[in-house]
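Visitor: Using the sequences plus the hints, can you model the full thing?
Going down the list, the protein sequences come from chains A and B. Mapping of the first sequence onto our numbering: residues 98 to 425, in sequence order. Mapping of the second sequence onto our numbering: residues 98 to 425, in sequence order.
In short, the hints are calculated from the structure, not lab data. Be careful, since some hints might not be right.
Each pair may be met inside one copy or between any two copies, as identical chains are not told apart.
Listed next, the in silico SDA-like pairs over lysine to any residue satisfying Cα-Cα at most 20 Å (straight line) [unchecked claim]:
1. K225 - N313
2. K251 - H307
3. K206 - Q134
4. K335 - G398
5. K283 - I219
Given next are the chains, with one letter for each unit.
Protein chains: 2
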Amino acid sequence: MLTINDSLEIKDNSIDVTAYGEVLIDMISREEAPLRQCQNFTRYFGGSPANVLVNLQRLNNATAFISRVGRDDFGEYLTAILEEENVNLDCMQFDDKLATPIIFVNKSKETPSWLPYRGADINIEENKNIYEKIKQTAVYFIGSFILSQNPARKTALKSIEFALNHNKIIAFDPSFRARLWPDSKKGKEIIKEIISESDFIKPSLDDAFHLFGKDNPENYLKKYHDIGAGIVILTLGKNGVLISDGKNEPLQIPVFSKKVIDVTGAGDSFWSGFLSGIINGLTIRAAAELGNAVAAFKIQGVGALSSIPPLSEIMSYYNINPSERGEI
Amino acid sequence: MLTINDSLEIKDNSIDVTAYGEVLIDMISREEAPLRQCQNFTRYFGGSPANVLVNLQRLNNATAFISRVGRDDFGEYLTAILEEENVNLDCMQFDDKLATPIIFVNKSKETPSWLPYRGADINIEENKNIYEKIKQTAVYFIGSFILSQNPARKTALKSIEFALNHNKIIAFDPSFRARLWPDSKKGKEIIKEIISESDFIKPSLDDAFHLFGKDNPENYLKKYHDIGAGIVILTLGKNGVLISDGKNEPLQIPVFSKKVIDVTGAGDSFWSGFLSGIINGLTIRAAAELGNAVAAFKIQGVGALSSIPPLSEIMSYYNINPSERGEI
Chain A
98 MLTINDSLEI KDNSIDVTAY GEVLIDMISR EEAPLRQCQN FTRYFGGSPA NVLVNLQRLN
158 NATAFISRVG RDDFGEYLTA ILEEENVNLD CMQFDDKLAT PIIFVNKSKE TPSWLPYRGA
218 DINIEENKNI YEKIKQTAVY FIGSFILSQN PARKTALKSI EFALNHNKII AFDPSFRARL
278 WPDSKKGKEI IKEIISESDF IKPSLDDAFH LFGKDNPENY LKKYHDIGAG IVILTLGKNG
338 VLISDGKNEP LQIPVFSKKV IDVTGAGDSF WSGFLSGIIN GLTIRAAAEL GNAVAAFKIQ
398 GVGALSSIPP LSEIMSYYNI NPSERGEI
Chain B
98 MLTINDSLEI KDNSIDVTAY GEVLIDMISR EEAPLRQCQN FTRYFGGSPA NVLVNLQRLN
158 NATAFISRVG RDDFGEYLTA ILEEENVNLD CMQFDDKLAT PIIFVNKSKE TPSWLPYRGA
218 DINIEENKNI YEKIKQTAVY FIGSFILSQN PARKTALKSI EFALNHNKII AFDPSFRARL
278 WPDSKKGKEI IKEIISESDF IKPSLDDAFH LFGKDNPENY LKKYHDIGAG IVILTLGKNG
338 VLISDGKNEP LQIPVFSKKV IDVTGAGDSF WSGFLSGIIN GLTIRAAAEL GNAVAAFKIQ
398 GVGALSSIPP LSEIMSYYNI NPSERGEI
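Guide: Here it is in structure tokens:
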């Protein structure tokens, strides 16, 4: 079992991270009001796995995406952005009947409400390309949103099995929300099943609450480990992250930035920094610090895809120096 | 068979018009650009049958709506407007899983492109309330959009059969668009079947083209009558409407307004004026003139639901005086 002081030996792969999940339109209200009162909306590039990949590319990693959009104007808009960022789209599928998914969100100082319009995303179909791509990848990253509906769920579960059989590193964002699932009991079971197969999971306190009910951070960590998770990174909002390997005392890493402009996509930025660290042979602890550092740059700018400085700059700015610590 | 010089004897009903169809969010771009380039959208009340009913209410008719929205913020917004306009919502259904439908449209000087997100609308379920409501109504109005998916289509077909058995007046907007239908051949068959059962249909030249292919207005009229349509009102855009009973020479009624600000919802306004005329015992010819008059007021304002003057004012303004002509 991995500890937070270990680093992973990454074999030479043509792709660092392949993600399975949604790319979608975020329609954000311009008004700060309940959604039913909002009249004006602005369209943004969205979808957590898509944000993670774009951020990974900007940190100089090679990525590929298994996803599906509608063969429509919104699908064209999203794939054009992914192409510009050089995300490999060999496994991007285009649906002739179902449209590109959208989530409406209201701007809000409190918890925003959201209204999802599923479409092509639920239709990701199994094919040989997917397995070929996973073979070439070091890390297989899976989102949760995509798991709630079939056939996308079946395709995901088979692809994860394939990745496990080929000793790929599994990174999973275990976010369970009952309203997305036709059967919420089954939903929890499936999320737990993938958690048990994962090397890295990064739940938020909110994710833990929706899966386990009300409890404290330490107990949440224990519950994730009891299911079978490898490394658990529990995000605590303004209190940073709690990282645990299930054997040693959990380590708390504070938020690196005091200036907070917009937290949208902070978790996705964390993933991109963290996985960059893992791919570059950092210890898990240093990779988590790098995750925090990338997130710190993100929350000082607006939007899920604010610009990121080069990896070396981020590392020196936040004094993340694995060699000085003897960690590489 | 009815001729355009006939008027219908309307029995005393508690509801003048019951409509079966969609109420939805029209998301219109603020930019005049292809949809894939549009970033900003404004939300409007939409759905052709919903617009027809609101306009009918404003012309002092009693209406009821058989429709379905999501139990969500957009559904609340739309039903609040229908309630304010006093449309009877005893047969409004609320879906716990599927969201309120949306159509994205770009602002454009050419033909705008549109991108539909279906949801609760496809799920209208049969129940006793629907039949009770139809029993109490004079005119049963059916849209086409709602027919392309089941169970809403099955519920529609059974309700039309019920209305026919109870000698209700059937008004149908026969708009066939292949991309909405899983099976476009079957789609055409179903549209034709309902046309054959209708007292009034109001296709546009575009609708006729999508159903029959390229032809001229006179042949289109003949084709609609050959299927079995009663009165056909073919809308010709800036050339007004062509009204035909299949026996006499078709009558062309020009557009009544030279000032054109926005044609959105002009067809729905026509329906509301036309059906008001029918309910008030005007001849079909005078009712069509009233339809044109209401549409003329509409196109001089912005939005599908621009304000409408009282019926008497519209009739005197456009010199629609059925008694002078000996038509009542």
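Visitor: For every hint, state whether the structure bears it out.
Guide: Cross-check of the supplied hints:
In the homo-oligomer, the alpha carbons of K225 and N313 never lie at most 20 Å apart, since the shortest distance is 43 Å inside one protomer and 51 Å across protomers. In this assembly of identical chains, the alpha carbons of K251 and H307 never lie at most 20 Å apart, being 23 Å within a copy and 38 Å across copies at closest. For a Cα distance limit of 20 Å, the shortest separation of K206 from Q134 inside one copy, 15 Å, qualifies, whereas the shortest one across copies, 29 Å, does not. Only within a single protomer do K335 and G398 lie at most 20 Å apart by alpha-carbon distance; the minimum there is 16 Å, versus 51 Å between protomers.
In this assembly of identical chains, K283 and I219 lie within 20 Å of each other by CA distance solely inside one copy; the values are 17 Å within and 26 Å between copies.
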